[in-house]
Amino acid sequence: MVLCVKNLSVSIERSRIVHGIDCHLHEGELLMLLGPNGAGKSTLLRAISGDLAYGGSVSLSGRELGEWRPEHLARQRAVMPQRVEVNFPLTVEEVVQLGRSELRAGMNDPVVDRLMDDLDIAHLRHRLVPGLSGGEQQRLQLARVLAQIMDSPGERLLLLDECTSALDPAHQQMVLDLVRRLAKEEGVAVLAVMHDLNLAAQFADRLMLMKAGYRVHSGSAWDVLTPDLLETVYGFSARVVELEEGYPMVVPRRGAPVRAQLAPLNPSCRQAS
Amino acid sequence: MIRDAAGRIGYSPSLLVALSAAVLVALVSITSGAYPLALADILSVFTGQEATDPVASMVLLEVRMPRFLLGFLVGAVLAVSGALLQGLFRNPLADPGLIGVSAGASLAAIAVIVLGNTWLGGWLAMTGEWALPIAAFLGGSGTVLLAWRIANRSGQTAVATLLLAGIAINAVAGAATGLLTFYATDEELRSLTFWTMGSLGHAGWDDLLVGAPFMLLALLATPWLARPLDAFLLGESVVGHLGYRTDTIKKAAILVVGLGVGAAVAVSGLIGFVGLVVPHLVRQMVGASHRMVLPLSILVGGTLLVAADSLARVVVAPAELPIGLMMALIGGPFFLALLLRTKVI
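Order-wise, the sequence lines are chains A and B.
First residue of the first sequence? That's 1 in this note's numbering, and the numbers climb one at a time after it.
First residue of the second sequence? That's 1 in this note's numbering, and the numbers climb one at a time after it.
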């Protein structure tokens, strides 16, 4: 097992944001984390990234997070934060190269070249990062993050926080396709926070639905994306239709009342850890 | 000038230009002054010829050389400290002077001068001739740490807070310095003025001997910080994700800045704006990667300070302007221009 999270809780400034979450990821598995704003998805991801103090246990390849040497951990686990702001005049290529460890750093790194091609930023290679569009910056950060674990031996974990939020539909497909290929062909385990339910249904192996810091439900797209659960968790009314490809698509009902703030969290939905 | 797609000159051409400028400025600085030296004099002194003018030899070896070397080292250290702080704080406006590090170092040095015979007698007895640089180092590092703590309360560096904290630190250090001035004797006052205005006028081999080890140590540590500082430009959490020990890097950078700026202030007093102007110029030439910014800042910083020092010696010859004033005259308007061009702080 690549990632094993047991009874994970996170508190920020004495208020508890994440309550006793369990989850695990096997090699090549793609788990997407869904839930309304403020559900604790990003907080959970940041705790697993080692950015936040947590209660409970997070282990990678059987070793507790804190027992890893930072430089070893960086070769097995890469993190793409929700937002990375670059104010200094670094070029696209320089930022991607930051993902390479010092030993492998150098000009004309084939991994760097391939990733820039795969993510459609090769033509921006010498451009300065502060002048890029939001979508270009997002693809750039993903390239940097992937460069970090691209040719590492052993089990690898990729943590993505809304990696497609600034992308147009074509680039969303391109990016998630690449991520899914990495999972299926190279065995990288992926945990991704998503907002787009239909993209999640299309690309994930498994979905986990969160609300108010609790895990509400997890399972296949068909298990999780039900009208009832969407109503309960998000507070909006939708129908779920089956696409030819075999996965579900969520179609919100126009004009139906949205009760995002009011939607109660039904305690029976919480799966006790 | 030839620039690449990102509008940069590139590392190798920049290095070449900077090296040529350094050599040119070195020659001008060593030959010019109240007693002009010809290139022939310099050559004959260094080749050990008999027919050398003894005064020229004395001026070169006892006055110009130590002054040039000290000026270059101080400029290099101040510039690279500016680059380190700007990377650490992710802000191009951070500078040892602006955030109060120089003032902290200078306050500690002045305290040793004024209170050395009374309250701080034990310190003098303990540290001997190193009393000033060590005190300035402690004052400098303490101030970086303080500014860091204040600006980082929320976990992220608040830049406005940092600069405002700098104003407060400068004010408090200034007030404390004023208080010490009030208690100082006439003789102490004279050496004290030297600190507040910044000067290389008294530079001799003994200053170099005391200050250079600290400054060289600071300069030698910088290559190790280059790559982690690039990661800092993407944000503090990214530093950890990329496998660097964030806290260790921060502490090392703070130590290097405290060590370097402390020693620089100890030998030359308060010289502002080098740390602000130089990294900015360098980034215009080669971009922001610290692997290029740090070495070039060392070269350009040393050159700039030596050039300013040469200028300070000739504009009101036979007297000379304090180099601190000279740099403030150059750096002040530059800082304003930078502020006007920076849209968001």
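Some hints here could point you the wrong way.
[What the hints assert, rightly or not] Taking lysine to any residue pairs in the SDA-like style, the calculated list, with each CA pair at most 20 Å apart, reads:
id, chain 1, residue 1, chain 2, residue 2
1, B, Lys250, A, Leu52
2, A, Lys184, A, Asp118
3, B, Lys250, B, Leu189
4, B, Lys250, A, Lys184
5, A, Lys6, A, Gly56
6, A, Lys6, A, Ala53
7, B, Lys251, A, Asp51
8, A, Lys184, A, Ser152
9, A, Lys6, A, Ala212
10, A, Lys6, A, Val58
11, B, Lys251, A, His26
12, A, Lys184, A, Pro70
13, A, Lys184, A, Pro153
14, B, Lys251, A, Asp118
15, B, Lys250, A, Pro70
16, B, Lys250, A, Ala212
17, B, Lys251, B, Trp224
18, B, Lys250, B, Gly235
19, B, Lys250, A, Ser152
20, B, Lys250, A, Leu98
21, B, Lys251, B, Ser237
22, A, Lys6, A, Ser61
23, B, Lys250, B, Ala319
24, B, Lys251, B, Pro223
25, A, Lys184, A, His26
26, B, Lys251, A, Glu71
27, A, Lys184, A, Ala212
28, A, Lys6, A, Glu71
29, A, Lys184, A, Gly28
30, A, Lys184, A, Gly246
31, A, Lys6, A, Gly66
32, B, Lys250, A, Arg69
33, B, Lys250, B, Ser237
[Said to hold, decoys possible] Some but not every residue of chain A turned toward chain B, in silico, with C-beta under 7 Å:
id, residue
34, Asp51
35, Gly55
36, Gly66
37, Glu67
38, Ala74
39, Val79
40, Val84
Hints in this document: simulated from the structure, not taken from any laboratory.
Built from N, CA and C at the ideal position, the CB exists for glycine as well.
**Item:** Cut-off 7 Å, beta-carbon criterion: hint that Val79 (chain A) touches chain B
**Value:** holds, 4 Å
**Item:** 20 Å limit on alpha-carbon distance, applied to hinted pair Lys6 (chain A) and Ala53 (chain A)
**Value:** holds, 14 Å
**Message:** Given the hinted pair Lys251 (chain B) and Asp118 (chain A), is their Cα-Cα distance within 20 Å?
**Reply:** violated, 38 Å
**Message:** Check whether the Cα positions of Lys251 (chain B) and Asp51 (chain A) lie no farther apart than 20 Å.
**Reply:** The hint holds at about 19 Å.
**Asked** Is the interface hint for Asp51 (chain A) satisfied, with its Cβ closer than 7 Å to some Cβ of chain B?
**Response** holds, 5 Å
**Asked** Quick one, are Lys250 (chain B) and Lys184 (chain A) close enough, alpha carbons at most 20 Å?
**Response** Status violated; Cα separation ~39 Å.
**Asked** Is Lys251 (chain B) within 20 Å of Trp224 (chain B), Cα to Cα?
**Response** holds, 13 Å
**Message:** Next pair to validate is Lys250 (chain B) with Arg69 (chain A); report whether the Cα-Cα distance is within 20 Å.
**Reply:** holds, 18 Å
**Pair hint outcome, Lys250 (chain B) versus Leu189 (chain B) [Cα-Cα no greater than 20 Å]** = violated, 37 Å
**Message:** Just to be careful, I want the Cα atoms of Lys6 (chain A) and Glu71 (chain A) compared with a cutoff of 20 Å; is the pair within it?
**Reply:** The hint is violated at about 24 Å.
**Restraint check for Lys184 (chain A) with Gly246 (chain A), where alpha carbons must lie at most 20 Å apart** = holds, 19 Å
**Message:** Run the distance test for Lys251 (chain B) versus Ser237 (chain B): straight-line Cα separation, threshold 20 Å.
**Reply:** Holds - the C-alpha atoms of Ser237 (chain B) and Lys251 (chain B) are around 16 Å apart, at most 20 Å.
When each numbered hint is compared with the structure, violations occur for hints 3, 4, 11, 12, 14, 16, 19, 23, 27, 28, 35, 36 and 37.
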